[in-house]
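Asks: Given next are the chains, with one letter for each unit.
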Amino acid sequence: MSTAAAHHDEHHAHHPSGITRWLTTTNHKDIGTMYLVFSLIMFFIGGAMAMIIRLELFQPGLQWVNPQFFNSMTTMHALVMIFGAVMPAWTGFANWLVPLMIGAPDMALPRLNNWSFWILPFAFTLLLSTLFMPGGAPAGGWTMYPPLVLQTGNAFPFLIFAVHFMGASSIAGAINIIATVFNMRAPGMTLMKLPLFVWTWIITAFLLIASIPVLAGAVTMLLTDKFFGTSFFSAAGGGDPVMFQHIFWFFGHPEVYILILPAFGIASAIIPTFARKPLFGYSSMVYASASIAFLSFIVWAHHMFTVGMPLAGELFFMYATVLIAVPTGVKVFNWVATMWQSSMTFETPMLFAIAFVVLFTIGGFSGLMLGITPVDFQYHDTYFVVAHFHYVLVTGAVYALIAGTYFWLPKWTGHMYSETLGKWHFWLSTISVNVLFFPQHFLGLAGMPRRIPDYAVQFADWNMVSSIGGFVFGLSQILFVVGIVKCARGGKQATSQVWEGAHGLEWTLSSPPPYHSFSTPPAAATIEGGMR
Amino acid sequence: MAQAHADTAHAHYYVPDSSRWPFLGSLSLFICFIGGAATLNDSPLGSSILGAGFLLLFVTLFAWFGDVIRESEGGRYGQWEDVSFRMGMMWFIFSEVMFFAAFFGALFYARVLSVPWLSGAGAEAATHEFLWPSFLADWPLLKLPTDYGFTQAKDVIPAWGVPAVNTAILLTSGVTVTWAHWGLKVNKRGHLIAGLALTVLLGCIFVYLQAEEYGHAYHELGLTLNSGIYGATFFLLTGFHGFHVTMGTLMLFVILLRCIKGHFKPEHHFAFEGVAWYWHFVDVVWIGLFIFVYMI
Chain A
6 MSTAAAHHDE HHAHHPSGIT RWLTTTNHKD IGTMYLVFSL IMFFIGGAMA
56 MIIRLELFQP GLQWVNPQFF NSMTTMHALV MIFGAVMPAW TGFANWLVPL
106 MIGAPDMALP RLNNWSFWIL PFAFTLLLST LFMPGGAPAG GWTMYPPLVL
156 QTGNAFPFLI FAVHFMGASS IAGAINIIAT VFNMRAPGMT LMKLPLFVWT
206 WIITAFLLIA SIPVLAGAVT MLLTDKFFGT SFFSAAGGGD PVMFQHIFWF
256 FGHPEVYILI LPAFGIASAI IPTFARKPLF GYSSMVYASA SIAFLSFIVW
306 AHHMFTVGMP LAGELFFMYA TVLIAVPTGV KVFNWVATMW QSSMTFETPM
356 LFAIAFVVLF TIGGFSGLML GITPVDFQYH DTYFVVAHFH YVLVTGAVYA
406 LIAGTYFWLP KWTGHMYSET LGKWHFWLST ISVNVLFFPQ HFLGLAGMPR
456 RIPDYAVQFA DWNMVSSIGG FVFGLSQILF VVGIVKCARG GKQATSQVWE
506 GAHGLEWTLS SPPPYHSFST PPAAATIEGG MR
Chain B
49 MAQAHADTAH AHYYVPDSSR WPFLGSLSLF ICFIGGAATL NDSPLGSSIL
99 GAGFLLLFVT LFAWFGDVIR ESEGGRYGQW EDVSFRMGMM WFIFSEVMFF
149 AAFFGALFYA RVLSVPWLSG AGAEAATHEF LWPSFLADWP LLKLPTDYGF
199 TQAKDVIPAW GVPAVNTAIL LTSGVTVTWA HWGLKVNKRG HLIAGLALTV
249 LLGCIFVYLQ AEEYGHAYHE LGLTLNSGIY GATFFLLTGF HGFHVTMGTL
299 MLFVILLRCI KGHFKPEHHF AFEGVAWYWH FVDVVWIGLF IFVYMI
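Chains as they are written, first to last, in my numbering: chain A, 6 to 537; chain B, 49 to 344.
Hint data in this document are derived by calculation from the structure and do not stem from the laboratory.
The C-beta atom is built at its ideal place from N, Cα and C for all residues, glycine as well.
Careful: at least some of the hints might be erroneous.
Residues of chain A placed beyond 12 Å of chain B at every Cβ, according to the derived structure [claimed, not checked]:
1. 20
2. 27
3. 59
4. 226
5. 233
6. 252
7. 296
8. 337
9. 342
10. 348
11. 369
12. 451
13. 454
14. 463
List time: in silico PhoX-like cross-link candidates among lysine-lysine, alpha-carbon distance up to 25 Å [said to hold, decoys possible]:
15. B/313 / B/233
16. A/231 / B/202
17. A/282 / A/428
18. B/233 / A/231
19. A/282 / A/231
20. A/282 / A/198
Model the full assembly from the supplied sequences, consistent with the hints where possible.
Replies: Printed below as a string of structure tokens:
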């Protein structure tokens with residue numbers, strides 16, 4: 006008790022103001038905000054690249070950009086969206102929410118936290134600067150397959166170092182989250198009481214620590230192949246270009262679960278809130294997430310079915326891949342069962358969360374189709390693949406990010422966002438995103454290859470439809486920014502609980518929470534009361 | 049600022065105040081990367097930028113670690129903070145293990161799959177026939193599929209020369225660092241300092257012998273980075289390991305200086321243990337290297 010009293014006046018008002026506050030902060034909320042703002046900026050930079058792609062594909066023939074630049078756009082769009090928009094956004098959510106959800110005073114390693122954020126603007130300066138270099142930005146695809154990627158001009162070492170740099174940021178962030186969750190939980194907050202967002206993030210953190218260093222190794226080998234005469238990926242020296250694909254996808258497949266697991270956590274927070282019912286099957290959700298994470302390490306070669314592999318390999322990777330449908334199905338059924346016979350309301354976060362469940366499942370099904378080896382021989386490297394991973398990443402990961410933003414925005418800013426604007430954002434986005442990506446299934450099945458600036462005329466109609474969907478989807482996202490800015494600047498005062506059905510420690514704090522929350526751990530009763 | 053924490057240091061988790069070092073750390077790495085990339089692109093400015101980046105990085109790390117050491121010696125870190133550091137170090141080392149795993153993976157893939165495939169193993173008879181029909185799979189791979197653009201090595205470094213000595217050196221250094229740890233725990237500072245000094249010395253000898261061996265490989269054996277997949281895996285694996293030994297030796301040296309200054313207590317010495325873990329990690333990686341790169 007006396008220590009709590011003595012503690013009361015420490016910390017306050019020590020932090021510097023102005024730009025120095027943001028450069029030097031060790032506060033998890035400040036760092037979380039920086040992550041989220043950075044990610045939003047990258048979302049629009051990557052989105053602008055997507056607009057250029059859809060503009061060029063609006064009609065057959067070369068209209069607007071040269072093929073080299075088009076290839077740079079597909080490559081950079083992917084790198085910016087994956088490493089600049091989605092991954093930092095998840096780390097931003099984790100920074101803001103994990104300490105609040107587990108009743109911790111801050112992240113376990115606050116200075117490391119600042120470092121892992123401030124790497125990102127520098128890493129993306131390295132990457133985006135390549136757009137202005139002789140030889141242009143990297144254009145060999147985000148997967149960086151040799152020997153093609155080795156033909157990159159002056160941009161090449163910048164690409165490699167940018168990947169190293171953002172990898173360091175991810176690893177540092179993941180280490181911090183693991184240390185925070187395992188060491189900073191309030192007394193009484195046992196592992197099986199953790200909110201699912203925290204659970205999915207710990208599992209993500211382990212995936213990051215195990216897979217990002219492998220990517221670092223792979224790109225290091227590219228670097229030495231290009232500049233120091235090694236022959237890892239050259240058959241003439243006894244190496245093998247396919248070896249790169251194996252090493253890359255050993256990272257690449259866990260990476261897709263890094264992008265989507267926290268989204269599962271968000272859906273598992275939002276759906277019970279607006280269904281006003283506890284989450285169906287909490288522990289099965291935890292075990293399903295862990296199973297997905299484990300399986301993600303033994304399915305990588307399903308990205309390479311057509312590249313040449315012993316038959317036993319093709320079969321093993323097919324079976325392992327379709328096995329992932331089991332734990333993923335557990336999750337989808339749990340969300341649906343949570344909504345079954347509940348008293349639902351459809352505020353913007355819930356709309357995005359339900360759309361997430363439906364549309365992510367479509368992406369999951371097309372993934373199953375791709376996972377079947379003989380079928381993949383037909384679909385590989387077509388627009389069907391593009392449609393598949395945009396359903397799981399845009400209407401999956403990005404939709405969960407948007408849902409989570411609307412859900413916690415009142416907690417972060419202390420104001421309610423505009424529900425009207427949010428609903429407009431939702432309906433415009435959801436209609437246009439389907440106009441954008443659904444026809445790409447047809448294009449792919451009809452044989453249109455991915456990563457091309459021009460196409461045969463029989464693909465013209467659906468490409469035009471898809472582009473129109475793309476432009477509307479892109480423009481709709483401006484409503485998102487308007488909503489966020491308006492909410493940050495003012496609006497109806499939010500209560501602590503914000504949502505009638507909200508449960509969990511973060512909702513016991515004021516909106517916005519004090520600069521230093523839980524510098525004394527919450528009482529065990531609060532934790533029990535927060536659990537449902 | 050610092051005073052405010054003093055009385056509550058053990059009751060509450062220590063959250064450090066704002067710090068400029070992480071930002072400067074990112075900035076200095078950014079400068080290093082620009083310098084490194086410019087150097088690789090043959091820009092005349094590259095090496096100066098690289099040098100400036102390293103200088104700033106060194107200053108930043110010195111100052112950042114200085115803050116941590118002052119906080120540690122000032123009693124800011126209790127049991128609770130200690131656990132965070134341990135977890136941090138543990139998972140950092142695990143990430144390093146996975147980095148090495150990528151290169152071991154490349155080694156195994158080349159040995160077991162890609163090299164035999166080139167000489168027609170499995171279902172790859174056509175590959176063999178159409179690419180380099182005279183190529184014969186072998187390991188260590190000295191005779192490459194083609195001479196063009198590669199330097200063929202005359203021989204590789206045998207396991208039972210310097211590498212075996214280096215194995216003994218690293219294993220011994222694992223013992224000496226444990227001896228030093230024992231000295232620290234039972235408060236025999238003489239044993240602690242002697243053990244650490246010996247470990248640093250053994251680390252230096254290891255790096256020196258490894259450098260000599262590289263010279264031998266390059267100048268007498270013609271085994272270089274450019275000698276095909278054997279040279280590539282050999283130098284990248286042993287090279288990254290050597291780099292880690294160098295960093296580990298530097299870290300041990302800093303710990304030695306701190307011990308001489310009287311830092312650490314029998315029950316409070318995470319920094320020592322963190323570095324010792326790191327040292328054992330480079331030790332274990334070396335065992336893997338000795339077996340899979342040199343011996344078999």
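Asks: Of the numbered hints stated previously, which ones are contradicted by the structure, given in increasing order?
Replies: 1, 2, 4, 5, 6, 18 and 19
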